[in-house]
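Visitor: Assemble chain U onto chain F, guided by the hints.
Going down the list, the protein sequences come from chains F and U. Counting in this note's numbering, the first sequence runs without a single skipped number right up to 307 at its last residue. Counting in this note's numbering, the second sequence runs without a single skipped number right up to 432 at its last residue.
Just so you know, the hints here were simulated from the structure itself, not pulled from any lab data. Honestly, I wouldn't trust all of these hints.
Result set (DSSO-like, lysine-lysine): computed pairs, CA atoms no more than 30 Å apart in a straight line [as the list claims (entries may be wrong)]:
1. 120/U to 223/U
2. 255/U to 399/U
3. 151/F to 430/U
4. 252/F to 91/U
5. 252/F to 73/U
The following label-pair restraints were derived from C-beta to C-beta distances [said to hold, decoys possible]:
6. 119/U to 163/F: 38 to 48 Å
7. 67/U to 252/F: 23 to 33 Å
8. 148/F to 35/U: 33 to 43 Å
9. 45/F to 406/U: 34 to 44 Å
10. 158/U to 235/F: 58 to 68 Å
11. 87/F to 223/U: 51 to 61 Å
12. 158/F to 49/U: 53 to 63 Å
13. 235/F to 52/U: 28 to 38 Å
14. 168/U to 252/F: 28 to 38 Å
15. 34/U to 163/F: 52 to 62 Å
16. 161/F to 59/U: 44 to 54 Å
17. 119/U to 252/F: 33 to 43 Å
18. 52/U to 161/F: 36 to 46 Å
If you want the ones that stay clear, here's a sample from chain U, every Cβ over 12 Å from chain F, calculated [said to hold, decoys possible]:
19. 62
20. 184
21. 416
22. 428
23. 429
Glycine included, each C-beta is placed from N, C-alpha and C at the ideal position.
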Amino acid sequence: MKRSRLSLGFSLLSMSGLSIFFIFPLVFMVMSSFKSNDSLLQDVSSVRAFLPVGHLSLDNYWEVFNRVPFGRFLFNSLFVSTATVVLGLFLNSMIGFAIAKMEWRGKKMVLSIILALLILPFDVLAIPMLYLAAKLPWFSFTGGFHFTQGWFNSYQIQILPFAASAFSIFLFVQYFKGLPKELDEAALVDGASWFRIYRSIAVPLSGPVFGTVAILTFLPMWNMYLWPAITIQDEKYRSIMLGLQYFYVNFGTSWGQIMAYLTLLTIPIVILFLSMQRFFVTSVASSGIKG
Amino acid sequence: MKHLKRSMSVMAIVIAFALTASIFAAPAQAAPETIVLWSHASGHKEEINIAYQIAKDFNVSQTKYSVEIKAFPNPNYNDAVVAAAAGKSLPCLLDIDAPVTPAWAWAGYLSPLTIDKKTLSKFSKTAKGIYDGKLYSLGIYDAAVGLFAKKSVLKSLALRTPTIASPWSLNEFNDALAKAKASGKFDYAISMGTGWDGEWYPYAYSPLLQSFGGDLINRKDMKSAEGALNGPEAKAWGEWFQNIFTSGYAPKKESATERDTGFTTGKIAFSWSGNWTAKDALAKLGDDFVVLPPPNLGTRPVIGGGSWQWAISSTCNNKAAANEFLNFGLQSKYIARYANDLTYVPGTKEATALSVDYKPGAPLAIFQQLASKYALIRPATPAYAFISTVYEKMTKDIIAGANVQTALDAAVDEIDKNLKNNNYYKKKK
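Isolated chain F (complex conformation) (with noise of 0.2 Å):
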């Protein structure tokens, strides 16, 4: 009995100690942004710099919302970083349901180049992508319907070619592996179509690998910001990461604002992790998957 206090002190302890470690920066982010350049410059190298001392004010704040159109930004990635959820959830789900459940000649070499892809990183595949973007068809109903050439200046830049993603897909194969056949082989038997048996048994079986997916591609489309830069010239496709730009100028960089900036872009993440925390933490458990 005695050990297990002992135990469960010192858990609660280091416990503790790491996450006060771990929400010291998000605290100097915050006392922060409500400091004057200056004084948030001199109280940098002390401890002054984790608290509310000195002259507060809510400057930085109102200067972030005349410098940048804050709503938009928050608007536009909101919007891209849902809207690549939904439709990921949506194709790469299928495709690991298609992989995983259906026999069909060529599938372990479809998986095998899937799982290849893994090994690109994003930043070999984007001067390749960005060519591609600027010759691809589209369509404007701006004078009369008429085709048009080049996706920059929108939201499907942003969005169709994040929407298929290999780990994601990855994910989905080994999860529907695990459900059992005998649910797919009884749904046959009565009948049921493969799309039907997607829909009705393995969705629902599949929650917490859902949960994951969402999030783990929610929060890079979220960060996004070498794909945007190149791709976005107009301010109001512009995702809330470049916005964060604005307060880089050529010597004289707003560190006040930059704080106010940050705080108010972390605020939506925040509340989503912490809307979702249990569902999340027990889709990470249930999938071995490790943020």
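Guide: Frame of chain F, contents of chain U only:
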């Protein structure tokens, strides 16, 4: 009622007459053609507002063209331009950082400008982006670096106040640093601005190398850095520059606090800094603040030159309109506004006379003199972006204490290899 009917009839006749007259008299007005200007100043409210004002004035001044501005945040502006060039979606007009002009002209992104000679003659040499004998960009403003000091410190250390006509020699500069350190009044003798990164390194420190007699590349043919960057003059610069840091005269890597407030709070005696920080120093130090010319370290005093400029893309469908806008936007009143609102150095004498801070006798007038007398344009070669990166890394190694000759030789090898691999950036046909 009768009166009302009569007046309505008269009114109807007048309106009908007016309409008929307008149909026959007024020619149909075509909508103005829109040309787009890309700016790097998104988020920099004061700067982008001037660009918006110029575009607005231009659009009002004539009816043929309409200029629309699309602004980008500075850090990813160059990437956006290169990506747009790859996607063939460059705008007609764009602004460009001076040292980048040769690379973009060589890559075929830019079209030569047709600015009339009279207008062009008003601009300083550092405001012109020339590559292969052609003008590709023209500066809306310039920048200059100087040695920030306090009159009281010069007096207390018994130092001669250098002038543009008679700057400090190498020995005098070294003596000033030694005296400042020995006085015990300061944490450091000088802030070299090591808290900044990137282009600051070649912009601020390669002029010191050039003052010693070295350079980033052999400018005659731009085909090798051998001798220029690793010769005896370059070695002398490297050892002297390293000594500034190893002797504790300057912090090796300044914190943001040291960089931004070290000089004005009196913790650092001198500061190697630019016109963009001078107004703040002037406000904090008042009459005690003085900007000294760069020291003559061997051959002559040198500072960097060239800032953001305007250019026309090669894919622009209406170059006449773009040139018309440039001629309009480069009026002295606008250049002076950049100087007045943002403390940027004006690139013409006319604009200098209109500026509050740079006109003769004004507190920051020395920057204009330094820019016109001592500025040396960074090498006009498409390889500059690569040279700049190599130089930054090399200088950081030297500051950190690397063997100077080894660091210089390694940089020369890298630069020469790049030049060779790119066939010496011969012009594309």
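Visitor: Hints first: check each against the structure and report whether it holds.
Guide: To see whether the hints hold, each was checked on the structure:
{"no.": "1", "hint": "120/U to 223/U", "result": "26 Å, holds"}
{"no.": "2", "hint": "255/U to 399/U", "result": "9 Å, holds"}
{"no.": "3", "hint": "151/F to 430/U", "result": "27 Å, holds"}
{"no.": "4", "hint": "252/F to 91/U", "result": "21 Å, holds"}
{"no.": "5", "hint": "252/F to 73/U", "result": "11 Å, holds"}
{"no.": "6", "hint": "119/U to 163/F: 38 to 48 Å", "result": "42 Å, holds"}
{"no.": "7", "hint": "67/U to 252/F: 23 to 33 Å", "result": "27 Å, holds"}
{"no.": "8", "hint": "148/F to 35/U: 33 to 43 Å", "result": "34 Å, holds"}
{"no.": "9", "hint": "45/F to 406/U: 34 to 44 Å", "result": "41 Å, holds"}
{"no.": "10", "hint": "158/U to 235/F: 58 to 68 Å", "result": "59 Å, holds"}
{"no.": "11", "hint": "87/F to 223/U: 51 to 61 Å", "result": "56 Å, holds"}
{"no.": "12", "hint": "158/F to 49/U: 53 to 63 Å", "result": "34 Å, violated"}
{"no.": "13", "hint": "235/F to 52/U: 28 to 38 Å", "result": "36 Å, holds"}
{"no.": "14", "hint": "168/U to 252/F: 28 to 38 Å", "result": "54 Å, violated"}
{"no.": "15", "hint": "34/U to 163/F: 52 to 62 Å", "result": "23 Å, violated"}
{"no.": "16", "hint": "161/F to 59/U: 44 to 54 Å", "result": "34 Å, violated"}
{"no.": "17", "hint": "119/U to 252/F: 33 to 43 Å", "result": "37 Å, holds"}
{"no.": "18", "hint": "52/U to 161/F: 36 to 46 Å", "result": "38 Å, holds"}
{"no.": "19", "hint": "62", "result": "19 Å, holds"}
{"no.": "20", "hint": "184", "result": "22 Å, holds"}
{"no.": "21", "hint": "416", "result": "26 Å, holds"}
{"no.": "22", "hint": "428", "result": "21 Å, holds"}
{"no.": "23", "hint": "429", "result": "24 Å, holds"}
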